[in-house]
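Each protein sequence line maps, in turn, to chains A and P.
Heads up: the first sequence at position 109 corresponds to 215 in our numbering, and the numbers run straight through without jumps.
Heads up: the second sequence at position 262 corresponds to 242 in our numbering, and the numbers run straight through without jumps.
Derived by calculation from the structure, the hints in this document are not laboratory data.
Each residue gets a CB set at the ideal place from its N, CA and C atoms; glycine is no exception.
Hints should not be assumed to be uniformly reliable.
[To be verified] Residues of chain A placed beyond 12 Å of chain P at every Cβ, according to the derived structure:
1) V125
2) E152
3) K153
4) K174
5) P185
6) Q200
7) E202
8) K212
9) F214
10) S215
11) N222
12) E224
13) D225
14) Y228
15) V232
[To be verified] SDA-like, lysine to any residue: derived pairs with alpha carbons at most 25 Å apart:
16) P/K338 <-> A/V165
17) P/K166 <-> P/T205
18) P/K373 <-> P/I331
19) P/K373 <-> A/A143
20) P/K280 <-> A/E118
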Amino acid sequence: MTDKRVLVVDDEVHIVHVVAIKLRNNGYEVISADNGAEAFELACKEKPDIIVTDFQMPVMSGMELVEKLRQCDETEDIPVIMLTARSFAISKEQQEDLRISSCLSKPFSPKELLGNIEDVLYQKQVMVSG
Amino acid sequence: MRLKRILYAIVTVIVAGSLFIGGLAEWRDSGTEEGRHYAGYVQRIPLVSVCYMLGAVGVICLGWYQLRLTGAVTSIATLLQDDKAGGIHHSKRFFFPLRLKKIDELYQALSKHFAGCNTRITEYEKKIKDLQVQVQLSLRRGKNTEAIIYSIRDAVIVIDESDRLLMSNEAAGQLLSFDYNSSQFKPISELIGPDRVEFVDFLSHSRQTKGQATRKEIEFSKDGTPEIFDCIVSCVYDQDKQVCGAVAVLHDITREKQIQQMKNDFVTHVSHELKTPLASISAYTEMLADGEADDEKTRKEFYSVIQNQAQRLNRLIENILNTSRIESGLIKINKEPASLAMLIEEQLQMIKGYAEEKELEVTGQKPIVYDQVYVDKDMIQEVIVNLLSNAVKYTPFGGAIKIETEVDEGAALVRVSVTDTGVGIPEDEIEHVFDKFYRVGANKKQAKGTGLGLNLVKQIVEKVHDGRVFVMSKVGVGSTFGFELPLVTRQTV
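Kindly produce the complete structure, drawing on both the sequences and the hints.
This is the structure in structure tokens:
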């Protein structure tokens, strides 16, 4: 079991639901939001260990969310994994600039997503303890 | 040559006259009777000499005249010989002495020559007449060309080798803000304002390169709105194949560019829209395969999601395909008598689950109004689903959606309207909502979409069923989308 908290952001309730089940089954605590604006508020309040967000969402997109997270002291170091239905939507430069840990394109594998989350959290832990 | 001959003649006459007078003088002085007898004659010698001299002068004058005449004839003959239409072979044949036979020959040659001249004058007259006709034709063609250029919707500008305006049409005058009638032969750099400098430079540069037609997309600003023109400049060549100017044609491609942009947006949206249900199907299937659904209830829930998402995907694909099928006229239409109110009731049940997720209140027509229309049921259901799902999509949580059916006996039609308390559509965008790929800019963030749904509604209602679509909206208050279909009559069934 792990005490890590994951914020899952997607306007598709079914996607949030399936990711949440996968993560909960693997010992993660899951909180969710259906747009970027709501996710930012939740991130500031709940301080998740990692954020999994969709790229295209109403009200505030995934990119806008990451930009906002990086500008805020409380959230700037939270790792982000981006899910996107558009191939090549994010350039390498953007990914590096906004410190997006990884990008998964839809349709995605929940197993692969879990693996990515574990990798990113492990690296974060190594960096903190190192 | 002539002078030499004249001198010979004069010397001969003088010598002969002197010898004769000298002989007579000697004979008188010899003292013989005969000499004295002829002395009387001698006394008259000066008179005789004068006669001789006059005779000689006469002969000389005659010779001189003949020489002059011969010279003139020779000159004419030389001229005629030079003239291919004439007929004298050698001018020297007319040289002294001038004989009647030769004059006759000359006369015939001259007659022939003048006959030739006459023929040629007739030919020239005919040619002049032809040329006059051609000039008239050219003038008429010029006017026709001018009229054609003037009536072309595209802007046309013709410049000379010094970049001065030679010809243009009304569209060019309007686009580039100049009056053609008072602008001819003025440099285009003076006529066309500095805000169009890109075009002036391109036109001038294209003419100077003297190459084939050059093409460039140039953006003009009209009342603050950007307009894009496809500008093609071709050089104009004279008879010596030298560039003597250039002609520019500016075709407005703003609309094409907008459609292009809408198509690009459509591809982006449609790929996202297709991938979203596919992502759900894929993720839930994997979860089932990996045994992540540990109880029967969860498994059933997963199966249901997969089924719903597959239906959503299918509906989306149908929307895309039907739009192009209707447009191309390939779709099979099965019209039959039906009640719109009943079709609406069926679709209302389907949409309610979707509306409940957003806590929306959906109300249908109560009591159900009796109506009968002659429609393709599947297509009209598609229309109703599209209108209802749009209302759900663009109405915030806790809002309300109302669907009404109204029978207008007087106009012999049924009117269906779907009213929501959604975000509404700005006034300047409302006329475009039924356009293919069009999405209201302000509402793009509100919900995802392809920009196909309302276009499909319009196509089905207007193209397939001879009906009419309508929309009323106010930002922040809500929208009413609806359609009218003709009531069934004996003739239509």
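Hint check results:
At the 12 Å boundary, the C-beta of A/V125 falls inside the reach of chain P, the nearest C-beta of that chain being 8 Å off. A/E152, annotated as away from the interface, keeps every beta carbon of chain P farther than 12 Å; the closest lies near 22 Å. Even its closest Cβ contact with chain P, about 27 Å, leaves A/K153 beyond 12 Å, as expected for a residue assigned away from the interface. Separation of A/K174 from chain P is adequate, the least Cβ-Cβ distance of about 15 Å exceeding the 12 Å criterion.
Every C-beta of chain P lies more than 12 Å from that of A/P185, the closest at about 21 Å, which supports listing it as non-interface. A/Q200, annotated as away from the interface, keeps every beta carbon of chain P farther than 12 Å; the closest lies near 17 Å. Even its closest Cβ contact with chain P, about 24 Å, leaves A/E202 beyond 12 Å, as expected for a residue assigned away from the interface. Not every CB of chain P lies more than 12 Å from the CB of A/K212, the least distance being 4 Å, so the non-interface label is violated.
For A/F214, the shortest C-beta to C-beta distance to chain P comes to about 6 Å, within the 12 Å cut-off, and the non-interface label is violated. Consistency note on A/S215: stated as away from chain P, yet its beta-carbon is not over 12 Å from all of that chain's, at 6 Å minimum. Every Cβ of chain P is farther than 12 Å from the Cβ of A/N222; the closest lies at roughly 14 Å, confirming the non-interface assignment. For A/E224, the condition that its CB be more than 12 Å from all CB atoms of chain P holds, with the nearest at approximately 16 Å.
Interface exclusion of A/D225 from chain P stands, the closest Cβ pair being 19 Å apart, more than 12 Å. With a cut of 12 Å on Cβ distances, A/Y228 stays outside the contact zone with chain P, its closest approach being about 22 Å. The beta carbon of A/V232 sits about 28 Å from the closest Cβ of chain P, which is more than 12 Å, so the claim that it is off the interface holds. Taking the CA atoms of P/K338 and A/V165, the gap is near 16 Å; set against the 25 Å cutoff, the hint holds.
A distance of roughly 29 Å separates the Cα atoms of P/K166 and P/T205; the hinted pair therefore is violated under the 25 Å criterion. Between the alpha carbons of P/K373 and P/I331 the distance comes to roughly 11 Å, so the proposed pair stays at or under 25 Å and holds. Between the alpha carbons of P/K373 and A/A143 the distance comes to roughly 19 Å, so the proposed pair stays at or under 25 Å and holds. For the hint pairing P/K280 with A/E118, the CA-to-CA distance comes to about 19 Å; that is within 25 Å, so the pair holds.
In summary, the structure is inconsistent with hints 1, 8, 9, 10 and 17 from the numbered list given earlier, while agreeing with the others.
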